[in-house]
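Please model the complete structure; the sequences and the hints are all you need to start from.
Numbered by my numbering, the letters in the sequence shown go through residues 8 to 155 in order.
Hints were generated in silico from the structure; no laboratory data involved. A portion of the hints provided could be inaccurate.
Restricting the straight-line Cα-Cα distance to at most 30 Å, the calculated cross-link-like pairs of lysine-lysine (DSSO-like) are [unchecked claim]:
| hint | residue 1 | residue 2 |
| --- | --- | --- |
| 1 | Lys131 | Lys21 |
| 2 | Lys24 | Lys128 |
| 3 | Lys150 | Lys128 |
| 4 | Lys150 | Lys131 |
| 5 | Lys43 | Lys21 |
| 6 | Lys11 | Lys21 |
| 7 | Lys43 | Lys30 |
| 8 | Lys136 | Lys112 |
| 9 | Lys112 | Lys128 |
| 10 | Lys9 | Lys30 |
| 11 | Lys65 | Lys112 |
| 12 | Lys112 | Lys131 |
| 13 | Lys131 | Lys43 |
| 14 | Lys131 | Lys30 |
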Amino acid sequence: MKNKFERFIQEGFKTVKSVPYHKPDKFFYPLLMSSKSVEGANFWVYYFFLHVNEDLAKNPTVSWAERHRHPEGSDEIYLIIGDPDAITVEVTLGNNDEMETYEVKSPGSVYIPAGITHSIKPIKMTPGKCGGILAIVSNGEYKTLPPL
Numbered sequence: 008m009k010n011k012f013e014r015f016i017q018e019g020f021k022t023v024k025s026v027p028y029h030k031p032d033k034f035f036y037p038l039l040m041s042s043k044s045v046e047g048a049n050f051w052v053y054y055f056f057l058h059v060n061e062d063l064a065k066n067p068t069v070s071w072a073e074r075h076r077h078p079e080g081s082d083e084i085y086l087i088i089g090d091p092d093a094i095t096v097e098v099t100l101g102n103n104d105e106m107e108t109y110e111v112k113s114p115g116s117v118y119i120p121a122g123i124t125h126s127i128k129p130i131k132m133t134p135g136k137c138g139g140i141l142a143i144v145s146n147g148e149y150k151t152l153p154p155l
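Right, dumping it as structure tokens:
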């Protein structure tokens, strides 16, 4: 007999080969949770985590999300996690006529309401430290719209 809440537990991840507006497509995206993998989950969660070496520190922009937005009901949160100053990301928020750029160091976070055009890319990494990004979208699926 299954335990009552076992369906809410997920171990491991599903490999997603491509995510809209994310580059380059030569990497895979470890998807931790979605409405397809956990019944009733209203979150879509993927991560990008690195133990930074000298090569990564010299070329920190190994993967990034181009400017895009999410439809109504799809707020997003970026959690920049890890050792202090392990990773610094550049985040843009706002449409072309009002775009603002921010640098966020680990540990840090960014809340992006649905409909706000945004992007993220790693711009600095510190060798010997560990850090990464968790992206959480609030509707259980990853739906995107072109930037405004």
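Going through the hints against the structure:
For the proposed pair Lys131 and Lys21, the alpha carbon gap of about 28 Å is at most 30 Å, so the pair holds. Simply put, Lys24 and Lys128 have alpha-carbon atoms about 18 Å apart, close enough for the 30 Å limit, and the pair holds. Distance hint between Lys150 and Lys128 is fulfilled; the C-alpha atoms sit about 19 Å from each other, no more than 30 Å. At roughly 28 Å between alpha-carbon atoms, Lys150 and Lys131 fall within 30 Å of each other, so this suggested pair holds.
The straight-line distance between the Cα atoms of Lys43 and Lys21 is roughly 11 Å, inside the 30 Å bound, and the hint therefore holds. Between the alpha carbons of Lys11 and Lys21 the distance comes to roughly 24 Å, so the proposed pair stays at or under 30 Å and holds. Between Lys43 and Lys30, the direct Cα distance comes to roughly 23 Å. Compliance with the 30 Å bound is thereby established for this hinted pair. At roughly 13 Å between alpha-carbon atoms, Lys136 and Lys112 fall within 30 Å of each other, so this suggested pair holds.
Only pairs whose Cα atoms come within 30 Å are accepted, and Lys112 paired with Lys128 is accepted, the gap being roughly 12 Å. Proposed proximity of Lys9 and Lys30 is contradicted: the alpha carbons are some 40 Å apart, above 30 Å. Distance restraint check for Lys65 and Lys112: the Cα-Cα separation of roughly 17 Å lies within the 30 Å cut-off, and the hinted pair is therefore satisfied. Proposed proximity of Lys112 and Lys131 is supported: the alpha carbons are some 9 Å apart, at most 30 Å.
For a cut-off of 30 Å, the pair hint linking Lys131 to Lys43 is broken: about 34 Å separates their Cα positions. With a C-alpha separation of about 17 Å, the suggested pair Lys131 and Lys30 falls inside the 30 Å cut-off, and the hint holds.
In this structure, the earlier hints numbered 10 and 13 are contradicted, and the remaining ones agree with it.
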